[in-house]
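Protein chains: 2
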Amino acid sequence: MKANKVTIHDIAKALDINSSTVSRALNDSPRVTKKTKEKILNKAKEMGYKRNLLASNLRKNVTNTIGVVVPRISRHFFSSVIQGIEETAYLEGYSVIICQSLEQLKREKNILETLAANRVDGVLMSISMETTNYNHIQELKQRGIPLVFFDRHPNISKTNNVLINDFKGGFDATHHLISKGCKNIVHFSGPQELAIYKNRLQGYKQALKESNIPFRNEYIISSRLMEHDGVNNIKELIAKNLIFDGIFSANDLAAIGAIKYLNEIKVNIPKDVAIVGFSNEPISTVINPSLTTINQPGFEIGKTATDLLLQHIKNQHTSLTTETIILESNLIERQSSNR
Amino acid sequence: MKANKVTIHDIAKALDINSSTVSRALNDSPRVTKKTKEKILNKAKEMGYKRNLLASNLRKNVTNTIGVVVPRISRHFFSSVIQGIEETAYLEGYSVIICQSLEQLKREKNILETLAANRVDGVLMSISMETTNYNHIQELKQRGIPLVFFDRHPNISKTNNVLINDFKGGFDATHHLISKGCKNIVHFSGPQELAIYKNRLQGYKQALKESNIPFRNEYIISSRLMEHDGVNNIKELIAKNLIFDGIFSANDLAAIGAIKYLNEIKVNIPKDVAIVGFSNEPISTVINPSLTTINQPGFEIGKTATDLLLQHIKNQHTSLTTETIILESNLIERQSSNR
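Heads up: the sequence lines are chains S and E, in that order. full-length UniProt numbering puts the last residue of the first sequence at 339; the count rises by one with no breaks. full-length UniProt numbering puts the last residue of the second sequence at 339; the count rises by one with no breaks.
No wet-lab data here; the hints were simulated from the structure. Treat the hints with caution; some may be incorrect.
Each pair may be met inside one copy or between any two copies, as identical chains are not told apart.
[What the hints assert, rightly or not] With a straight-line cut-off of 25 Å between C-alpha atoms, the simulated BS3-like cross-links for lysine-lysine are: (1) LYS106 x LYS45; (2) LYS168 x LYS35; (3) LYS266 x LYS180; (4) LYS240 x LYS183; (5) LYS37 x LYS106; (6) LYS314 x LYS34.
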């Protein structure tokens, strides 16, 4: 390709200036005036100059790329977080590459190796349901790659996290069911290794306590919270002859499974059983009855996490303290609890 | 980190063999027997040996990484294609990094530069709605990076493509509406620069023709096929006093918008207007009435495209001919056309 053969020296010659000025301009150095930069960039474009990005980045040891690791891109919550990440990163001149662990620790390990090998400038991450061992994460930290967790974070010290107030979310969901007259409230929980599910459960317990409703262990059913888990949870409750009039599910997907199955066996929602989900997936507005849920500000989480990561990328040599930022969720009332 | 300091020489010493044998084994060279490879890999693991993946890959000029470029990860069709890609790539030892163009040509260009700079071994791509200029794609080809398009492909010669039979999909959708007694069938189309939308429109025309229904240009409404476009299309039809009793939408999202708006203004679906979408998004089973649609085999497309890409990656020095593989779609009948 001819275009590739244009060098900074050709540009310097064409403009009758120094090659090092051209190089500085192309690297966006503050030592070159805006006007000169523009002139050089225009000439470079006109002449079809192509930077050897790889060489240039290897030299500068940056790639202007952020790696994002999520359990599944197909979940609305994660795709809305990614939207917040993309918007923020793009404005700052960073590209985003996304990898999914598919909830598997083994894949998550591979991904972190790939991202490190690709020399990403930083990583935004939400861990898998299997991630109970954090060696791969510690290794990434030790390599000095800035890292911010969002939503699902590991139980290790000195990490940057952007979380929502899961305790309050769990409390609000349960309190809402109690306010609707529910006395026997089941909780569909996720793997307890993940702090978010632990905290939602704690919020549930606190809401019961404040209303003097005794906590019953048999009302807590843990699973991976897939749609079929919601179905199975209901079957299990019925098989065990447990009476229930409210369900707080730690995600919408399992709540949707429960709604579909309860509809099938002609249990009236919300009259017989009121249901609250978590995360406000788009399907929750479309299911019949529509699902009351806790809305997580996905876009905001992505934006905040990216801002925090970029601070750490840009100040790698001054050691910033790590921080945890907590964003608030809110309950959206729909038909599934409207009684 | 201590683990990082173990070298191939340490492993060679521990096993009392040649360092170059260790190196070959770690690079999976066919010149080392399976038994020796196993012995070396086990020892390497035991000693906590970590390859410097970047150095090793720069040397071999491979990264074992496949880049995927899609318009939006949040579309079910694309996330199911990506699932097929991940499964296939993972089994072959490749990592997958995903980037989204968000339907913008500018971002798509950036992404291809990032992927090239990250030295991915190959790229699987579905182009944006804005992609009417293919310079960035030609450049990637000229750099010798193997490339396979799926679903949305550019109009350039010598490309590898995995497509579905969009003509037949459009034909089947329209023919189905005609078989349900529809006489005035509107078509929601996408940007005509994309062959998939052109072909769906051609299928629509052919189905009308075979049933001797005259084609009317005012029944074709082109948009970006977002949910709000479906709403606006209906408003436009009503404003223009156009009579219609059937809609074939080139995607589900715009069809969902139409259903929601028609429900709102109390038009009966399917009695007054029957509707068929395209791509079988999960929401199409949940909307009321549920949406008849053309099912695209997303997982299969992803798997086939990855197989094709890996063939090209592995045979880069023998020049394989390019090929286009066409997979079939099928119509799923639901309530929105059940009359």
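Legend entry - Unmet hints by their number, sorted upward, for this structure: Hint 2 is the one this structure does not satisfy, whereas the remaining hints hold.
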